[in-house]
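Enquirer: If you count by my numbering, then the sequence shown holds residues 1 to 296, one letter each, in order.
Don't take every hint at face value.
Within a straight-line C-alpha distance of at most 25 Å, the following computed SDA-like cross-link-like pairs (lysine to any residue) qualify [what the hints assert, rightly or not]: (1) K275 / L95; (2) K275 / A258; (3) K79 / E62; (4) K150 / M227.
It should be emphasised that the hints constitute simulated quantities derived from the structure, not laboratory data.
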Amino acid sequence: MGITKVTVIGAGTMGAGIAQVCAQAGWQTTLYDAYPEGLDRGMKRIDAFWDKGIARGKTTAEQKRQWSENLTAEQDLSKAVNKCDLVIEAVPEILELKQKIFREVEQYCSRQTIFATNTSSLSIAKIAQGMDNPGNLIGMHFFNPVPIMKLLELVKHDGTNKSTVEFAQAAGLAMGKTTILVNDVPGFATSRLGVVLGNEAIRMLADGVASAKDIDTAMVLGYKHPMGPLALTDLVGLDVRRDILKNLQQSFGDDSYAPHPLLEKLVQENRLGKKTGVGIYDWTSGEASETELPEF
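Generate the whole structure from the sequences, applying the supplied hints.
Expert: Pasting the structure below:
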């Protein structure tokens, strides 16, 4: 495979996590963000994760030192992707933004560079439109928290090169991930199933079937899910889940995918989940606790 240098574009929660696992894989990793404050937060998030691992006895200070040497922050895009083997994009779910980034980045890279998008719902083929080498683009859908979650969903569009798929599979293995390969259909496999379950759980909550905690407990203990669908929605971000549902609704022309009004209301009130402190649950104490829901 021959990966030496990787660049991650976007230093948010997902981008920082992806950069972390790339650095831990032994690759020279550059984390890029257009906003200095976002880049600083991303680097601090990685550092804090490593410190927590040391405090819990799961990793060592020597490992952190080695991993830190592999990680660099950069605000100049051309410098960030120079001589890069793999570029992974992890910016907001805006098609035009992702298209713009790949068209620009491609100009700074060689024809051998592999490009990956972390999109959870957008069409890989549409993201590839306008690229000089669309066959070099594949979806690499990571899961939050990236350093802990073992799954990596690879998404190929009709024009993705076989060599690109093989490269991505090998990269995933090197990062300690188990990969699955799916075709470029709306919602792929994981997002399509996950958001439908989450949306139905919100409907049940709104209908008064049970409390959020009890709905989540039902799935954790009854179906062996590691986390309940409502807590997971808070972790992923209610705005992200809402946008995926809307994309599925539009792509399939099926209103059964429409976000529940309670989900829409929570997003309107900026109750986006753990990242804002409050969503379906209140996370201000660091743990999920019941909270009063808005009228919708």
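Enquirer: Compare the structure with each hint and give your call.
Expert: Results of checking the hints against the structure:
| no. | hint | result |
| --- | --- | --- |
| 1 | K275 / L95 | holds, 23 Å |
| 2 | K275 / A258 | holds, 23 Å |
| 3 | K79 / E62 | violated, 28 Å |
| 4 | K150 / M227 | holds, 15 Å |
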